[in-house]
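All chains, please: the whole structure from these sequences, using the hints.
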Amino acid sequence: MIPVSMRFPNWLVRPFTIAAERYYPDPLIFAVLVTIITFLLALLMTDSSPDHILLAWGEGLPKLLTFMAQLSLTLLGAHALANTDSVRRILFRVGSLPRSEVQAYALVVFVASVGSLFAWALGLVVGAIMAKQVALACQHKGLRVHYPLLVASAYAGFVVWHMGYSSSAALFVATPGHALEAAMGILPVTETILTLSNVLIALATIIAIAIACPMMRPKSDEIIEIDAGKLFTAKAEPLDNSSIPITPAQHLDRARVLSLILGLALLGYIFSSMNQKGFYLDLNIVNWSFIGLALILARSPVHFVGLINEASGTIGPILIQYPFYAGIMGIMAGTGLAGVMSDWFASFSSADTLGLIAFLSAGLLNLFIPSGGGQWAVQGPVFIEAANQLGVQHSVIVMAIAYGDQWTNMIQPLFTIPLLAIAGLGLRQIMGYTVVIFFITMIIFGGGLLLIGAG
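Note that our numbering has the sequence shown beginning at 807, numbered continuously upward.
Since the hints were made in silico from the structure, they are not lab data. Just so we're clear, the structure is a prediction, and the values are computed from it rather than from any experiment. Fair warning: there could be bad hints in the mix.
Claimed, not checked - Cross-link-like lysine to any residue pairs, in silico, SDA-like; alpha carbons within 25 Å at most:
{"hint": "1", "residue 1": "Lys1025", "residue 2": "Leu1009"}
{"hint": "2", "residue 1": "Lys1083", "residue 2": "Leu1006"}
{"hint": "3", "residue 1": "Lys869", "residue 2": "Leu847"}
{"hint": "4", "residue 1": "Lys947", "residue 2": "Lys869"}
{"hint": "5", "residue 1": "Lys1025", "residue 2": "Arg1105"}
{"hint": "6", "residue 1": "Lys869", "residue 2": "Ala1139"}
{"hint": "7", "residue 1": "Lys1083", "residue 2": "Leu1064"}
{"hint": "8", "residue 1": "Lys869", "residue 2": "Ile1217"}
{"hint": "9", "residue 1": "Lys1025", "residue 2": "Ala1008"}
{"hint": "10", "residue 1": "Lys1025", "residue 2": "His946"}
{"hint": "11", "residue 1": "Lys947", "residue 2": "Pro904"}
{"hint": "12", "residue 1": "Lys1083", "residue 2": "Ile1217"}
{"hint": "13", "residue 1": "Lys1083", "residue 2": "Phe873"}
{"hint": "14", "residue 1": "Lys1025", "residue 2": "Leu879"}
{"hint": "15", "residue 1": "Lys947", "residue 2": "Leu897"}
{"hint": "16", "residue 1": "Lys869", "residue 2": "His946"}
{"hint": "17", "residue 1": "Lys869", "residue 2": "Lys1025"}
Stated by the list, open to error - What follows is a list of derived Cβ distance ranges for each label pair:
{"hint": "18", "residue 1": "Arg895", "residue 2": "Val1063", "range": "19 to 27 Å"}
{"hint": "19", "residue 1": "Trp1150", "residue 2": "Glu865", "range": "39 to 47 Å"}
{"hint": "20", "residue 1": "Pro1054", "residue 2": "Arg899", "range": "37 to 45 Å"}
{"hint": "21", "residue 1": "Ser1003", "residue 2": "Lys1083", "range": "22 to 30 Å"}
{"hint": "22", "residue 1": "Met851", "residue 2": "Lys1025", "range": "22 to 30 Å"}
{"hint": "23", "residue 1": "Leu1170", "residue 2": "Glu1031", "range": "49 to 57 Å"}
{"hint": "24", "residue 1": "Val1063", "residue 2": "Pro1187", "range": "52 to 60 Å"}
{"hint": "25", "residue 1": "Thr1001", "residue 2": "Ala825", "range": "17 to 25 Å"}
Note that the Cβ used here is the ideal one computed from N, Cα and C, for glycine as well.
Rendered as structure tokens:
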């Protein structure tokens, strides 16, 4: 238990929050700046011409269109589900559990972390929703909590997503026929995400950030509480009025059985699929779960449509980011820049330090390629070859790249966008706190990999 009065010294946290508020660019501007930097690096570090780089960028732009559609459904479904009557009551009860400000921040970290270990999208959405509900419950109790730090705590929980069931790299190498099977064989999840070392590092990380986040809470006069008046509230369908005739079409609009049938069909598909394939989670399953449950819990089809309409206004600023990151990924892969950077890191590694070097390399590349699967595709071949030469276990490389990918998400704004859209905050309000988490987790992940390498 953290003593109520224990905080990080103001001089330790305040510079990060001030710097983020003053100098951290809007997520779209960040994407533009990274695009320019990537273009220049490709020009200087590869033999690509400007025309070739521009072509690689343009051909990369549509590569995330499928992902954009999936993410849109994630946000719509999560918003709709969270604002059904039943879920609002449940979330408020869970959010009412904390009896102190310290417990409030720690609860949000824990919920977001557990959700992220199941599926990265689930962690972001559930974390953001829980931050809102905890803030409302604390306000109702008279507990003063800093809403930006609650939302930052939710994003901090996301830092463990690649250590859990949706780990892109770990699932990739466990799949028969994967691209590196000739170099490393099939690596089951029992040798990656289910190892004792990974479980212990994940637990240490969750405990550390659950302690650190409450310690970053500001002084009383700097606290920004949630503005309940600006929160998303879904509009109910018009109330029945016996004096006004109801048309057959309106009867259908209000026929709950229709939304129940569609929702049950979606959940039935999920259960049938898992019965055949075994338990698994991907973004599609998460989306159909959100939408199916929202349909079942909505009062009627027209109520469900109202829930979706209320959420749709948050999607535009989010979607416009992704083509530009896809373009950055196109430059990195199309010019060979990602391979050049990985080769450079691998060139000065030893058996004891290869895991740490792979981690740092992945952390850097994540700023340019914020995709777990995309990063493994460009870094995996380089570091697996180095592991074969140095006699390093392949599982160390897989998890090192996974740790690096999740680590620098704390300073990479792309994945804050869904969370911030749900929470109703701006990037600069949380980034100062997540930078502190960035440094804390660097020590935990890097230290853990050094111990594994030395063993």
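Please verify whether Lys1083 and Leu1064 have alpha carbons no more than 25 Å apart. Violated: Lys1083 and Leu1064 sit about 29 Å apart, past 25 Å.
Please verify whether Lys869 and His946 have alpha carbons no more than 25 Å apart. Cα-Cα ~45 Å, so violated.
For the pair supplied as a hint, Lys1083 and Ile1217, confirm whether the alpha-carbon distance does not exceed 25 Å. violated (36 Å)
For a C-alpha distance cap of 25 Å, please report whether Lys869 and Ile1217 respect it. Since the Cα atoms of Lys869 and Ile1217 sit roughly 23 Å apart, the hinted pair holds (cutoff 25 Å).
Is it true that the CA of Lys869 sits at most 25 Å from the CA of Ala1139? holds (12 Å)
Assuming the hint says 37 to 45 Å, is it satisfied by the Cβ distance from Pro1054 to Arg899 or not? holds (39 Å)
Taking 49 to 57 Å as the hint, is the beta-carbon distance of Leu1170 and Glu1031 inside that range? violated (37 Å)
Given a hint of 19 to 27 Å, does the C-beta separation of Arg895 and Val1063 actually sit inside it? holds (23 Å)
Need the status of pair Lys947, Pro904: alpha-carbon distance at most 25 Å? Measuring from Cα to Cα gives roughly 10 Å; hence the hint holds.
Could you grab the alpha-carbon distance between Lys1025 and Leu879 and see if it respects the 25 Å cut-off? With a Cα-Cα distance of about 39 Å, the restraint between Lys1025 and Leu879 is violated, given a limit of 25 Å.
Quickly compare the C-alpha distance for Lys869 and Leu847 to 25 Å and report which way the hint goes. holds (21 Å)
That 22 to 30 Å hint for Ser1003 and Lys1083 (C-beta), does it hold up? holds (28 Å)
Hint compliance for this structure: hints 1, 2, 4, 5, 7, 9, 12, 14, 16, 17, 19, 22, 23 and 25 are not met, and every other hint is.
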